[in-house]
Amino acid sequence: MDRDAERARDRAPVPPPAPTPAPKHADPDAAAVAVDARQAAPPDALMALQRAAGNAAVTRMLRRQPTAAPPTPSGGVYNPLQESYDAARKERDEFVAHGKKGPQAYNPSTNNKANYYGGFDVEYDPGSGALLVTLKGAVLFVAGMSLDAGGRAQAVEPSAQTAAAAAAINRLPKAARAAEVAKWTWSSAGGPDANDEQEFLDGFKSSVEAAWRKKHPFHCTKEYWEDLGAETEINVVVGKVAAAGGKAAGQHMLVNAHKVVKGFVGGAADVSRPTGAGGTAFDNIMNVTSEDAVPRKDDLLHRDLTFQAGKGLLTPASVGTVWRLAKEMPNAKPGSTVPVAGLTVRVQGKDDRQRRDRFDAVRDHLKQAAGFDTSRATFEDGGEGDGGHIAIGTGDAQTVVAHESGHMFGLDDEYTGSGAYQAGKKTEHTDFAAAAGHTGAIHATSDSIMSEGKEVRPHHYVTFLDALKQVSGMQEWGYGPTQPVKPPSAAGDYPVPGTPGGGPQTGTAVG
Amino acid sequence: MAEAPEPLLVERRVETGDDAYIDRITADGGVWTGGNVEATLQDGQWRFERRESEWQRQATLSPDALAALRDAVARSGFFETAREHRPDVAVIHASRETWTADLDGRRHTATLHGRGVTEVPSLSALAAALERALATTDDA
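If you're matching them up, the sequences are chains A and B in order. Heads up: the first sequence begins at 1 in our numbering, then just goes up one per residue. Heads up: the second sequence begins at 1001 in our numbering, then just goes up one per residue.
Just chain A, same shape as in the assembly:
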């Protein structure tokens, strides 16, 4: 959908309400006068107004408690909704005319009591509809490996992969080690990869902005303000500092960027806020590697399968693969609105029948392992052979700094692990998202950006929505594009007596 065009259309001036033709069988003016003298309002007068203008209008009118009957426009009949429409539009236009709101800092811990990390600046321009989220970071470039006085490589980057690499270097003759350790050093400190620091800064900015911008529009839910929208723009501002102390007070995070060799797979990446939930939006630390600003190379969303030659059965190793996957991908809980990922199962076989049999075998194992809803699995013909492949969701590779920036935006991990990360357990943003209408976020292997993929789902925008409410000073915001505002009409929506359930029915004034 072209949201820019849609928003431009929706932002077109809303015409004032046309004079309302007089109802043939009701006199709302007379009813209004009667209602204004509330203590003496006879039931017949209220009924007449309900028929003419609808229940909602009567309720609003009673709340306003006007002291005198509103004037009847010359050449037309008084429209009881006109006043609230005009007031709302005037208020809305003044809100827009006052210009940008913010920027100001947003702390995800303020309204989500389960949160203890993250922070960003937020600014809203009602004229353009831009909700600008700015993430500022001071980047400290750190060697991922060092050489100690004894000539041994020491892993600085704390992952298992770098520990293994240090051991591999230390198996080399001493004279050969320095050259290998240098590959784990940024170019400014003598490393061989020219321009690597600028490439990292550029990659950080572009990958985070591309991953998170303009995914889910918001609109104002205040009556007659629904054509006011907010589209999220992301601005990442990262710059080098020479030491951790060089981080400015207005920067949200210190980024420790560990240099690793080109092609490195794995690594530790984390976000923390030493001051915890009581801290500010500016107290965060992010640890990443130099390869985290480009898409991951470890195929987290892909699994290879092998079938027994000439049979419809998976090999024992592949059975294990399927069972593990099923357990990491629980079905959505009843009533959940946050989707779970599906699987695309590409199957090889000697003919179509065998391929279908093998697909059924995969589905059977998915179901047996964890009650996996097999409608989540889609068959794909892989041609002849005994292999197979499972792609989780889109299968698209994640860029780690985009995931870690999700923590800066106030979101928890969604992938699976032990303890609180067990598949099916709720995350630290589950309840907060549910309060905004997106229920059932869980830890699960999926293509979600907070799991192992790159999909930014609506519930991932919950902190942006909260930030919009904060910076705009209004709570009346919701998901979805702007909506055209229609001028009020004397014809209203009101319950038609005697209809089944007594629910509201669309009707016109009747006498």
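In case anyone wonders, no lab produced these hints; they're calculated from the structure. Glycine included, each C-beta is placed from N, C-alpha and C at the ideal position. This list has only true hints and no planted wrong ones.
Rough simulated footprint, nothing fancy, chain A against chain B, three-plus residues with beta-carbon under 8 Å:
(1) 1009-1016
(2) 1041-1049
(3) 1115-1121
(4) 1125-1135
Start from chain A and add chain B according to the hints.
Same frame as chain A, now just chain B:
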């Protein structure tokens, strides 16, 4: 995971998510590496892969190096340290380091969560002792 070589003297297991790299010294001075991550260097090019967990004997400590390591383990305070060490703050997705030592019939395990963020003196002492021992096996 293949069965770990025994009898154990000291082991350091570094884990990032499901990935693990392990240094293990057995009581006879055997120097072993294990885990499911593999970092290989061939013709100047690095390759990083996951593999089936396995153990490889890399070297053997000299009697002097083995005795020094045993002494360092005994003096490190490791057997009195807590089983869990967490950073002062919650860290999203940090690596962890698990140490196990077995000396004179006592076996103890301690896990450091938030590797690179958390410092525990007794574990740092153990790490230094392990590095000194491994350094004695270096090729010239």
